[in-house]
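Student: Chain residues, written in single-letter form:
4 protein chains.
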Amino acid sequence: MELGLVGLGKMGGNMRERIRRGGHTVIGYDRNPDIADVGSLEELVGSLSGPRVVWVMVPSGAATQSTVDELAELLSPGDLVVDGGNSRWTDDEKHAEELKAKGIGFVDCGVSGGVWGLENGYALMYGGSAEDVAKVQPVFDALKPEGKFGSVHAGKVGAGHFAKMVHNGIEYAMMQSFAEGWELLESADSVTDVREVFRSWQEGTVIRSWLLDLAVKALDSDEHLEALRGYAADSGEGRWTVEAAIDNAVPLPAITASLFARFSSRQDDSPQMKMIAALRNQFGGHAVTAADKVGEMGADAPGADVTPPTGG
Amino acid sequence: MELGLVGLGKMGGNMRERIRRGGHTVIGYDRNPDIADVGSLEELVGSLSGPRVVWVMVPSGAATQSTVDELAELLSPGDLVVDGGNSRWTDDEKHAEELKAKGIGFVDCGVSGGVWGLENGYALMYGGSAEDVAKVQPVFDALKPEGKFGSVHAGKVGAGHFAKMVHNGIEYAMMQSFAEGWELLESADSVTDVREVFRSWQEGTVIRSWLLDLAVKALDSDEHLEALRGYAADSGEGRWTVEAAIDNAVPLPAITASLFARFSSRQDDSPQMKMIAALRNQFGGHAVTAADKVGEMGADAPGADVTPPTGG
Amino acid sequence: MELGLVGLGKMGGNMRERIRRGGHTVIGYDRNPDIADVGSLEELVGSLSGPRVVWVMVPSGAATQSTVDELAELLSPGDLVVDGGNSRWTDDEKHAEELKAKGIGFVDCGVSGGVWGLENGYALMYGGSAEDVAKVQPVFDALKPEGKFGSVHAGKVGAGHFAKMVHNGIEYAMMQSFAEGWELLESADSVTDVREVFRSWQEGTVIRSWLLDLAVKALDSDEHLEALRGYAADSGEGRWTVEAAIDNAVPLPAITASLFARFSSRQDDSPQMKMIAALRNQFGGHAVTAADKVGEMGADAPGADVTPPTGG
Amino acid sequence: MELGLVGLGKMGGNMRERIRRGGHTVIGYDRNPDIADVGSLEELVGSLSGPRVVWVMVPSGAATQSTVDELAELLSPGDLVVDGGNSRWTDDEKHAEELKAKGIGFVDCGVSGGVWGLENGYALMYGGSAEDVAKVQPVFDALKPEGKFGSVHAGKVGAGHFAKMVHNGIEYAMMQSFAEGWELLESADSVTDVREVFRSWQEGTVIRSWLLDLAVKALDSDEHLEALRGYAADSGEGRWTVEAAIDNAVPLPAITASLFARFSSRQDDSPQMKMIAALRNQFGGHAVTAADKVGEMGADAPGADVTPPTGG
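Residue numbers (my numbering), protein chains in the order written: chain A, 63 to 374; chain B, 63 to 374; chain C, 63 to 374; chain D, 63 to 374.
Worth flagging that the hints you see were computed from the coordinates, not collected in a lab.
Quick caveat: nothing in here was measured; it's all calculated off a predicted structure.
Mixed in with the good hints, there may be bad ones.
You can't tell identical chains apart in this list, so a pair holds if it fits in one copy or across any two.
Claimed, not checked - Derived DSBU-like pairs (lysine-lysine); straight-line CA-CA distance at most 35 Å:
1) Lys279 with Lys164
2) Lys210 with Lys279
3) Lys162 with Lys279
4) Lys218 with Lys279
So that you can see chain A by itself, here it is in the shape it has in the complex (with noise of 0.2 Å):
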């Protein structure tokens, strides 16, 4: 089939490829014009034969915002719009109505795989209608994995990007898992080779994953990580999947400490820690700022809200 693409960034030009393999026709629009192929959506839209679709892989927020709205304009009646960027699910029942008042179809799509995807293919979740699914699908097909899994019709609009915000979620506290794990291990005093322990766990255990396998390829560039600053960003799905939990009141502890992680670690120092060592030191009389000079458990260990003479 015929399919308009625009965004060719890290994720759109490779799944530009991607799709050609799959023996489809992409006219892809970036406003890069050394990587277009043409040069303005006006173009693109005109280089397509009716029906028309037409992928969108922007950044969310603003700029898919603006890029439906000129595609609503357009586009004719019984064109397609699908929405495979990182869109919050909330935006995308505003999109599907603004273009169904024009008679365009509409499709969200959360796409996961990252650098491996040409290669290895993209998991796609999509929502909406059968029929506007339908007439996407053979690009879904030449985007997945080859296997049996790797796509899915979620449910409603909205679905794709709500399941593809799950299943960021879900990887934040896996990654927080294997994470602590690692630390616990290197924090060990018997355990002599963290590095060979997250390897030999490759195989017959019940933790064995594609993450355990990136892990042990990261710790073979760098044992002990000490080339990387412990500073993790977060994307805007981590901090959705726990406003989600909160709307539907579902507690979320693992996944929300993952993302607390994250905030802290982006922290040169902590505000919150600053009111603790100023109550600690207004009722105790703690030392707070000689920190340089305490060990393990401040100066005062063991036992220090009251602190112990030095006596008998």
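Fit chains B, C and D to the supplied structure of chain A, relying on the hints for placement.
Tutor: Showing chains B, C and D alone in chain A's frame:
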């Protein structure tokens, strides 16, 4: 080689079978005469030619301790004891000392594999001196999975059980990750087929893993898990993981949250939430007992800590 | 001064009384004619001499919005609206804009005090311009407690509700702190009188507080809280606190844990723990449904992820 | 009455003074001769007339153990030892057994009060038999605050330290509650005077408490706590609280979060977050080391696990 194996339950029985398939001689003892090869521990020791290797596969704590005590009396200098049970790593040093006083070696070995181990092999993490480990290496090689991975000499005495303990801590948090994600998906209006979303994740995603495969199997037999109670036991190893983290001042929020979720799952009613209800009643006059009449956020939602009036 | 008060429920009715005791004139309107001073919002506005101050004390969300909409039509330039309900701080800016277009001022005010406010005074946190705040200051002074503290001009429009929201977030976590401590004490064999421990803490300790006093009162009427279910509603403000933290990348582990504990308390059974049970069953053959037969750590304790045999 | 007091440090010295003000005779011993009344433990015991009561106020663990050991040799049947230090409750039973073998009684006593205790009194929680407690009651009465509350016979031997430990656990979580709220308020654009918000909360609110008063004092000396590092020591009691909870299968999410926040505050860099960064790099090609160049959500925000292109 020749191995004495003490404890032929669900794990030990299968391990005997797998070691024998590996071409070794196993003489097994169990209190249950129907499954034992010999009638007593004395007989077991007597039927092995020295230097002997005896693998202990009995419940951690008192049963393991008494078995080690007996073996310390029965074995000879140069013999070796392997503790393959789920002992706490802090027991290993004690057992090693006790046996060393008699000239007997000691290796601790954490074993993962459950009911799948007989066919797929057992993941093994062991600790001890290189010399002691070498004596039992052929058995490790018979038990482990066939691939490149699945067994590791993790470090000194205690390192095997420590590594296995951390494996289980990671496992707790990974299970919790999927469980939270599943509950959130089930709570979403737009997602109409949660099981198919999970199934699709088995390829191309960041979270593909053996636990995900198992989740799909579970959902295939009971799509909404309606036959189960939300009740989860915990093994000692989850608890020990958190205690080890506390000893080493390692923050472990996701693993600990997973442990606490299991604690809560086993309470018919939550004492701490009774106290929350009591306090709300004290300061706000909130209804506390007519819980069956309240909705999502309770009778006084929204914004109920200072209950707004019915005005306007 | 003269005040119009919309909403005469549990909070508004008592506030009317306290403002009147402060020597001011209050004309109250409520949909319930039995408690209202006037029959309609129009009548309320008509009976105030300008410049008018109208305090809105109705449920947040739709009721507050419609009241603000009506007042925007009824009031005149130079008048002032105070929103004293539990509105989300993000609504305040919208309400201020809407009223400003008509020349009407706006102040948001978070109110704490519950059933104790009439006698002890209400803690007030308000946001808005100095000019607008000055217009309602006499009413704030009448409502607040008699001591030096209890009211604050927290900042711009929205700051009052934001501060009140954070107050409630802190409150959640403080309640949870006492609740956790109480459950732990109740679980200890050695502690024979938990209530007296709580009572004793009311002097000389670091944790003495009004919430502790309330806990003692609650225990005095029901020593083990046996008449209560461990079920806790949550107001919107706890949820909004966590959402605000996510917006600002502030880690909030204790407050969020308190919110999630309330979510869990309202579930008859936990979906996520069903998934944990299902996974345990898949990999370990753990019994999952015969939960009534298991003890503290479950049937397979200790160390049950690889269930040890009964051997030795 | 007459009391021997071992340990005259920051706590013990002030306690000696307060007990003397209560009209009792205190003979104090400390390793530091400048502050001691007698030159040795033998001299201390010799100068007391029987039946003797000796209060031990030295660091928990080895120092307390050796003092108890020495007193077991020096004292006579019918004498009594009080451990007023921050011993772990699990030590109490052992000390009681050891002394009982010599006919010597034992009472454990948790003491709260810090630098404020001399003037305001010390909160006391003690455990032991009614007979033993009666022997030291006059000293308890002298030490406690003057009001109705502040001391409690919590239960059997160990109950005093257990109750004090839980007090400290609650204290951790209450401090964390205020700290989280403070950081969130400081992060809000609309709130222009966080210190005044905290000050106002001291009356009329649900969260009024001594810790809040201390927070206001701290902010009065350093409005944004700029002179402090966000670094907090922890006493053994916070750790023991979590361990006791694990022993009793009590979920303790807020208290544990507070403990972990302290652990994290003492890490120059977080090993676990290095692993998170490493994993993100592996699957997404996320920049990990150029952390100084990234903004709020990192270089790849928004929605960065599948980094969107620069398109449209």
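Student: For which of the previously enumerated hints does the structure constitute a violation, in increasing order of number?
Tutor: Violated hints (numbers, rising): 1 and 3; every other hint is consistent with the structure.
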